[in-house]
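S.K.: Residue strings, one per chain:
4 protein chains.
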Amino acid sequence: MAMRGPRGGGAAKRERILRAAIKIFSQKGFFNSKVSEIARAAGVADGTIYLYFKNKDDLLISLFEEKMGEVVTEVRDKIANGDGPLACLRIFIENHMDLLVREAGLMEVIQVELRQSNKFMKEYVPVKFLEYLDVLGGILDAGKKDGTFRPDLNVKTARRAIFGALDEISLAHVLVRKRKYEPAKAATEIYRIFADGLCAAAREKGGATT
Amino acid sequence: MAMRGPRGGGAAKRERILRAAIKIFSQKGFFNSKVSEIARAAGVADGTIYLYFKNKDDLLISLFEEKMGEVVTEVRDKIANGDGPLACLRIFIENHMDLLVREAGLMEVIQVELRQSNKFMKEYVPVKFLEYLDVLGGILDAGKKDGTFRPDLNVKTARRAIFGALDEISLAHVLVRKRKYEPAKAATEIYRIFADGLCAAAREKGGATT
Amino acid sequence: MAMRGPRGGGAAKRERILRAAIKIFSQKGFFNSKVSEIARAAGVADGTIYLYFKNKDDLLISLFEEKMGEVVTEVRDKIANGDGPLACLRIFIENHMDLLVREAGLMEVIQVELRQSNKFMKEYVPVKFLEYLDVLGGILDAGKKDGTFRPDLNVKTARRAIFGALDEISLAHVLVRKRKYEPAKAATEIYRIFADGLCAAAREKGGATT
Amino acid sequence: MAMRGPRGGGAAKRERILRAAIKIFSQKGFFNSKVSEIARAAGVADGTIYLYFKNKDDLLISLFEEKMGEVVTEVRDKIANGDGPLACLRIFIENHMDLLVREAGLMEVIQVELRQSNKFMKEYVPVKFLEYLDVLGGILDAGKKDGTFRPDLNVKTARRAIFGALDEISLAHVLVRKRKYEPAKAATEIYRIFADGLCAAAREKGGATT
DNA sequence: TATGAATGAGACTTCATTCAT
DNA sequence: GATGAATGAAGTCTCATTCAT
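Chains as they are written, first to last, in the working numbering: chain A, 53 to 262; chain B, 53 to 262; chain C, 53 to 262; chain D, 53 to 262.
Hints are supplied without guarantee of correctness; some may be wrong.
Copies of the same chain are indistinguishable here, so a pair counts whether it falls within one copy or spans any two.
[What the hints assert, rightly or not] With a straight-line cut-off of 30 angstroms between C-alpha atoms, the simulated DSSO-like cross-links for lysine-lysine are:
no., residue 1, residue 2
1, Lys75, Lys130
2, Lys65, Lys75
3, Lys80, Lys208
4, Lys119, Lys237
5, Lys237, Lys196
6, Lys106, Lys119
7, Lys75, Lys208
8, Lys180, Lys196
No lab work stands behind these hints: they were computed from the structure.
Kindly generate the complete structure, drawing on both the sequences and the hints.
M.R.: Encoded structure:
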């Protein structure tokens, strides 16, 4: 798939360039990153990048789509095993926070550059990102159907709210040097906020409050 | 404080430049905006901008700090009248969504550029943004103290989660042309999600569910 | 006219750039000339060129149009004083050959680059060059009307033939170092070839053979 | 002579590359043509071109010399049968205009690129082109000797004039879409212009005016 | 204070050429 | 011989910033 480049080694070289781009973009941001830096980090010549990507924009977009695609596939797999909407929601949240650790650079790039690209790159529709949101939306829909979630829940809004919360907390995690909490712990807190809300009003038995 | 630069009409000119910057930045993004475009939009010469701002970065930062400062002042005033933490939370959320309409350009800039700046501008601490978060944190603290909110609530996490949700929904509102819901309506939905959570588990009486 | 640039000195700077472009283009050809070389030759910064010309192509085109415009104006003036079509033809030819000496660089550029541009620059119509041809066509038309020239003369072809002959001889003059003949002398010879033809067949009285 | 490079099919491959170069150069011009485009058009790999030609310049020069060589040989053959200088001149002119149809691409390349190369390629002497001019010069010399042409005719100038006229008319033919005249007809007109001149002054017997 | 022409460093990208296979 | 992926030098153009007026 996408096998331009030399015999066999091509895909590997392409991957090396993508990895280098993630590293450099996450360190300096898209606009402050120079193509030559990425080339150096990937151990290829400047021109080689243009054998695999149309231009610098395409490098960023490919990065989004391909890496987000992997993320979507993974989270879908995990959720397939989830026992009920609440369990799935928890898995989704935990997975997202876990990505912060496993794929720190990628997440940083997505967090800070996706918005820009989203808004300013002509004709770019972040397909894979929307799929990611759809996974979340699917969980909420299922929860509404089986009565786990409120029947009047607006799924479109809720899924954005949950993603936004996860994203902002991820960002804080990345920005703030002194990490006050572990991602895993944050995951639990976020889960509770969304599952049960902020209020203390006694819930007979916190079914959700595992 | 706003009186750097020239005498007399200076403050007005400075304000014109800031407004022009908001307009251009929100349309094209910080990196795609040219100082000369901002100058033209403000009706001043390119060089004039440098009489009021140190450089292009400073223009963005000043914009953040000064405009966010006004936002913080305003929301504090409104909240002062709030009757209890839940009411305050609602006011905060409604005000934020309302800003989307009243200050669309500013919000767009904050949403898409604050992250970049935050991460890549050396030595920039987004003081006013942190104050905005503190307003939210104050509400949560008060709610914990008076028993409205869960005693084990992690305020640091919760305030980021709420802000993230608001921010993401604002972003969707800005990005997606076909606005599916009004800001006011979205505000109510977000409020409910955070106040009561997603779950259907019957709450005797939705104290929060206004 | 075309007075971008600084107060007053703008036109002069523009002219300096055009002169430098003529010099460099004539020495190295359009494609082998670097914008930075032209800038250096003009005594301006690289970027300054882009204040006066849209891009490198525009520099070449402007050069063609503006300088050819001056040439057209000049030859028209001279011809206005010509006494009859033959005299005018002679003036035109002499003027062209004379330009080789007075405007060597310009003529070299026109000779070697006009063809390229003509053919490969999208949307470029060499207006002033066509006017130059029209001046020649006008002489031929007048000569047909007053019986000086053959009534069956195809003006379109003849004017191209005359221009082609002049142009090729100019080119040879420019290319060949050892200049075997003076332009003035060549002018007379070309004039005779076109006026009387190559043949020896006795003409009663060489009206043309001044 | 044409057998540099590979064995067997080598000459054919070399010819394919030359033909492809003519096609691409005539469409886009030398500087706008990419070696890879020529390779693709020839159905060979980029690197293969370098087995047959030293570099891109050499490709152009080889093209000139080899193809012009064929043209020179052909016109010499045709002229050998000519009956007298005037007939030979006519054959030369007709052949040149005819080439426009038979070898359109080649002629276009020669017209627009020869001048450039001539002037800017170090050490390139267009041998075959000079031979072509010599064929024309030979005709004129013969005509002077046998009294057909004026005894004071400057052959160097006249041959350049004739070639220039042919070349410019060819160029116009190629550039202008709406071809107003057929090459054959233009040949006759050019012949008359040079044989008899432009003037109407009655020639006893139009020996030349076939 | 205000101007805006001028500057020039620097980035993206192209493409002729090479060479390991 | 043939290939075509890889190279990397080099050029055009942009634009933040300056400074003489």
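S.K.: For each hint, tell me whether it holds in the structure or not.
M.R.: Quick rundown of the hints versus the structure:
1. Lys75 / Lys130: For Lys75 and Lys130, the Cα distance is within 30 angstroms only inside one copy (27 angstroms; across copies 44 angstroms).
2. Lys65 / Lys75: within (15 angstroms within a copy, 35 angstroms between copies)
3. Lys80 / Lys208: between (33 angstroms within a copy, 27 angstroms between copies)
4. Lys119 / Lys237: Close inside one copy (25 angstroms), not across copies (34 angstroms); limit 30 angstroms.
5. Lys237 / Lys196: The answer is both: 27 angstroms in one copy and 20 angstroms across copies each meet 30 angstroms.
6. Lys106 / Lys119: within (18 angstroms within a copy, 38 angstroms between copies)
7. Lys75 / Lys208: For Lys75 and Lys208, the Cα distance is within 30 angstroms only across copies (29 angstroms; inside one copy 33 angstroms).
8. Lys180 / Lys196: This pair counts as within: shortest intra-copy Cα distance 24 angstroms, inter-copy 39 angstroms.
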